[in-house]
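Colleague: Fit chain B to the given chain A structure using the hints.
There are 2 protein chains.
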Amino acid sequence: MEQQNQLLRRQLSISQNQLIQAWGNEGEDGAEKIGEGTGTGEQGATKCKEKEFGVPKCEVLHIAIVCAGYNSSRSVVTLLKSLLFYRRNPLHFHMIADAKAQVVLHALFSSWNVPHVEVSFYLTDNLAADVSWVPNKHYSGVFGLMKLTLNKALPQTLKKVIVLDTDITVATDIAELWNLFSKFGPKQYIGLVENQSDWYLGKLWKSHRPWPALGRGYNTGVILIRLDIMRQSNWSQKWKLIAERDLTTLFSTQLADQDIINAVIKQHPEIVYNLPCQWNVQLSDNTRSELCYLEVTDLKAIHWNSPKKLKVKNKHVEFFRNLHLTFLEYDGNLLRRELFGCNHSRSVIVPNPLSQLNEEDECYEFRRARQTNYRTHLFFLDNEYDPTPDGFDVTLVATLSMDRLQMVEQLLKHWDGPVSLTLYMSDAEAQQFLSYTQSSEIIASRKNVAYHVVYKEGVIELIHLFRNLVICKVMTTLNTSFKVSIQLFSLQAWIVPAFETQRYRLSFPRSKAELLNRLDMGELFTFRYHVWTKGHAPTNFAKWRTATTPYKVTWEQDFEPYIVVRKDVPEYDTRFVGFGWNKVSHIMELHVMGFDFIVLPNSFIVHMPHAPSLDIAKFRTSPQYKRCVKILKREFVDDLNRKYNSDISLQ
Amino acid sequence: MEQQNQLLRRQLSISQNQLIQAWGNEGEDGAEKIGEGTGTGEQGATKCKEKEFGVPKCEVLHIAIVCAGYNSSRSVVTLLKSLLFYRRNPLHFHMIADAKAQVVLHALFSSWNVPHVEVSFYLTDNLAADVSWVPNKHYSGVFGLMKLTLNKALPQTLKKVIVLDTDITVATDIAELWNLFSKFGPKQYIGLVENQSDWYLGKLWKSHRPWPALGRGYNTGVILIRLDIMRQSNWSQKWKLIAERDLTTLFSTQLADQDIINAVIKQHPEIVYNLPCQWNVQLSDNTRSELCYLEVTDLKAIHWNSPKKLKVKNKHVEFFRNLHLTFLEYDGNLLRRELFGCNHSRSVIVPNPLSQLNEEDECYEFRRARQTNYRTHLFFLDNEYDPTPDGFDVTLVATLSMDRLQMVEQLLKHWDGPVSLTLYMSDAEAQQFLSYTQSSEIIASRKNVAYHVVYKEGVIELIHLFRNLVICKVMTTLNTSFKVSIQLFSLQAWIVPAFETQRYRLSFPRSKAELLNRLDMGELFTFRYHVWTKGHAPTNFAKWRTATTPYKVTWEQDFEPYIVVRKDVPEYDTRFVGFGWNKVSHIMELHVMGFDFIVLPNSFIVHMPHAPSLDIAKFRTSPQYKRCVKILKREFVDDLNRKYNSDISLQ
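For the protein sequence lines, the chains are A and B, in the order given. Going by numbering that gives the first Met the number 0, the residue at position 291 of the first sequence is 290; the numbering climbs one at a time, nothing skipped. Going by numbering that gives the first Met the number 0, the residue at position 37 of the second sequence is 36; the numbering climbs one at a time, nothing skipped.
This is chain A alone, in the form it adopts within the complex (with noise of 0.2 Å):
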């Protein structure tokens, strides 16, 4: 078996010797042979042919993905980031989205910002009429099949794209695929990288009747296409006329495109060309992959394309594992990188507001959070909400970070209309945090949940800054006796009385009569009752106890109570980011704006103990963040006064 195996690399190699061979007599550009080394010699030349026909120095290159769904959008990011990191031209990314997936990565691309790279939508729905006839066995449904559309979906200009799936991640610049353009003979226009399995020989299994195919096939994970000639060769009237004939015997695709692509192949196979196999190592099992590389050099693009996806049996999975868990981890954040080779490209440089802080300004933290254009990932996790047939549901609406994350549960269990967390966290925790959500019942049995990751800023300035950008109120658990249909008008803003335990065990107390006993008990108390009495005196705790209808209450100043309010309301300012005045400022400016406040005499909500976040251990004990505070808390009142021409003044 060792002997076989050694074998076959030493065959492979011969092989690939040839091809280098091949390439250098078959040189296009008029550059001179490089001369034939010895052992490692040939290794290196082989790179320096490459080179040598090299891509031009920013040159953009353009990338196709197609990609749907919440649960691809978030694959995909593992593939953007490789390419990135690697990366060292212009990169225009097409991709081929449906609606879920397009708000996703619009907003991801948009927050993300990095630069010398841009992004064009195309959307599914446009496409879908051209492939939807295929029945498609496979998993991917009529979005595997839309790569055959590309020659259609894609701008006319456009004349050559790499087409990668979610599930590839690179190792290298993907330059050195594109630069494979070159090598292409007039008449290919499709390069593509062997079946690394026995599928398209058949046999597997007793009926196994596979599409037909040249020898093993090609996978089509990884694809170069010449864009203007696909054109030229009709190739919409080609793959179709192709699959309709083989759809008499076969029924359906099983593969998807690849079967297509395949089927056609076989009938043209003057138009594909062979790309090394490095550049699609296909990890499924029973896969003849290993052949491929001799050495980690030779690694170009791992292909995660067994449905086991991470746990792949294969001798090197740990490498492989390692390269995507390097990605996937990776703080996509350090990939803002800009290439200054190349400034003179199209991209404007826009002017960095950054740059025009001073950084002595006592509140230069504060003003540079501000600023910040936070990474985000809308709705990282798959779900659906249907509203409420008369519009009139609430959702509960609230952020955390890492730390607070096995509150999540206890809060599901008590309020079980629809949700949205914005997740504060890190690449990696956003890992931990999937890993967790697979492995809780409560939290996989949910659909109405929206989960938003805004990703954290680098690590060396997390500690001084105070960003939780809503303050965190997970703890808070709120009694579903809330879910009464209560009809909103647009100058309401209905006010959820607060208490807190400050013990740990707490059975949720299921009626206002308990509530009321245990508040006599002393088990509980009305919201920092022991420290910041002020923020919720208004809510007028006394009346509270025997109202039964909603009561009106007058504002006051550092009223911060939470609230039911319609989804139009002004947002947070963002300028109090972390911990301080970020819910006051916001219900000053309501009640300038002449909103009414409203307390709800059955409803409830009960603060669970927590450790102080570092964040507000650092406030504190800062001076200058109170300083810096007190500076915004200023500024904030000038504007909101400005603004709405109102006469608010701080006590």
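There may be inaccurate statements among the hints.
Just so you know, same-sequence chains aren't split out, so a pair can sit in one copy or run between any two.
Stated by the list, open to error - Okay, derived cross-link-like pairs now, DSSO-like style, lysine-lysine, Cα gap no bigger than 27 Å in a straight line:
id	residue 1	residue 2
1	K533	K265
2	K314	K56
3	K632	K533
4	K629	K642
5	K625	K310
6	K412	K625
7	K551	K205
8	K265	K542
9	K159	K237
10	K202	K159
11	K202	K307
The set of hints was computed from the structure by calculation and includes no laboratory data.
Modeller: Coordinates of chain B only, in the frame set by chain A:
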């Protein structure tokens, strides 16, 4: 200004091209000359030329680094990570280290266990005599001169070595630098990059008198040394004579070894080979480094040689900082990648114990965790600990993860004796921890606290494992009255009675009387009174109330008190990673060994409430976890009975 800048860039570009040309002509190995391209082709050709001279596959590259003290041992790790990330050859590190650094780095490398990496240590104590006579004003002190002794320190058989400062980050495969040895002329034995500041030009300030140097002089942050030729040239004698001569007028070195090496080169310019400036891009203020890199691809090695480090002013500092942060935060475990093309090298392949585990085993995750070699960074922060003369001081030992970090300050307030804290963290978290300690006055003021980092394993497994190696107990604060000098005999365990509060804002009881008073008031409880009485029942709290002298108690099953023992006590059994039975099994072993359990009458611990950790949450819900703990318990007791010939039976 901008125009001038462009002019400079153009000039530089021309001269670099001339350099390339020169290399091409100078070819020593008979390789054919590569045709000159136009524009970007030239860039390609350079790389080609380098690659063509290439380092033989799997050749071991030797890298020497001088590293002294705890802080350097920490910062060198980022350099090591960047080297390992890009390398494709086996590496042999030669660490010239003081005793402190050697302890840290030895433990780090052996727990890191990176394939195809060898490490040798050379104690600076043995080399100091050769350089300590040189007066040095540079903050690096005697260590700053160590590089002068490499010809003697390193093995006589070693012919070539790359020498790097700890504040370097590399941005490409170090083999590219190693390649440049082949360009050395016969008399050249030291390869250096020109200094990028005006220091050696003199007159930076009125009385500024630098050491003699050729032009701007050379920077010694990156050195290529041909040790064989250096030795033949009588290096030791040479530098000493020149240093003695210059010291008669200059009195001391200002930039340590760099001054002396420059003085030697001034007199013997034939020994130096000029490295391309991209191999030592110096980021000090007022640097000319910007002239060095025209494009991203040019950057090979960044030298953070400003005292301002990451805060240095530089037009592209964000780019450099991102590169540095990439490796600062990078999960070092991912660098344990095998260079599978090089398995014929010297390093012996140790059979992986993990491969002997059965993945179907219900306890697979536990057994795997036990076998895992956790990368460990001892003494992550500077510290000094002087044992008391009588040898009877008590060290508080605890383990914690990131979510307990804010308790460290509180702990240190209650315990001013020596502390050993083991932090279970990711690389990124360790950097957050570092920032946190730097902003904490309490932590900064304590020198008798040792912080050891045990790095977490990969993200994906994290949630599925339970690996607080020793249960987190930083939440527990000890009263200071405990520090009576107690003399411990070898078979004694002193028990510190444990209480708990369910409230957050605890003012710590200052005396036993106050504690008892608050116990009666219902503010405090005996530890885990509500959920797990058995764990501490044998302590006999009723007796403790009135005790004024130590008293012996009898061991019972499930007893898990906090204890004070001699440090030669057996270690925890690592099969109980995470939450569950680790303390219980340890106390059981002490019992079987014949330990007496003696309760301290005037000491106590108060446990503070904390949110349940994710691991505990997991424990409470996973039936598999519970089953597995049961199996492990059984195995432990069987092993124990076998080892001590005892007859413990599980109830």
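Colleague: Compare the structure with each hint and give your call.
Modeller: Hint check:
1. Taking the shortest alpha-carbon separations for K533 and K265, neither the intra-copy value of 78 Å nor the inter-copy value of 74 Å comes in at or below 27 Å.
2. Proximity of K314 and K56 under a CA criterion of 27 Å is satisfied inter-copy only: 22 Å between copies versus 38 Å inside one chain copy.
3. With identical chains, the CA atoms of K632 and K533 are at most 27 Å apart within one copy only, with a shortest distance of 17 Å there and 54 Å across copies.
4. When the C-alpha separation of K629 and K642 is checked against a cutoff of 27 Å, the pair qualifies only within one copy, where the shortest distance is 20 Å, while the shortest distance between copies is 66 Å.
5. For a Cα distance limit of 27 Å, the shortest separation of K625 from K310 across copies, 25 Å, qualifies, whereas the shortest one inside one copy, 50 Å, does not.
6. In this assembly of identical chains, the alpha carbons of K412 and K625 lie at most 27 Å apart only when taken from different copies (24 Å versus 37 Å within one copy).
7. In this assembly of identical chains, the alpha carbons of K551 and K205 never lie at most 27 Å apart, being 76 Å within a copy and 75 Å across copies at closest.
8. When the C-alpha separation of K265 and K542 is checked against a cutoff of 27 Å, the pair qualifies neither within a copy, at 82 Å, nor between copies, at 89 Å.
9. For a Cα distance limit of 27 Å, the shortest separation of K159 from K237 inside one copy, 19 Å, qualifies, whereas the shortest one across copies, 61 Å, does not.
10. For the homomeric pair K202 and K159, neither the shortest alpha-carbon distance inside one copy (37 Å) nor that between copies (57 Å) is at most 27 Å.
11. Taking CA atoms no more than 27 Å apart as the test, K202 paired with K307 passes inside one copy only; the shortest distance there is 22 Å, against 67 Å between copies.
The structure fails to meet hints 1, 7, 8, 10 from the earlier list, while all remaining hints are met.
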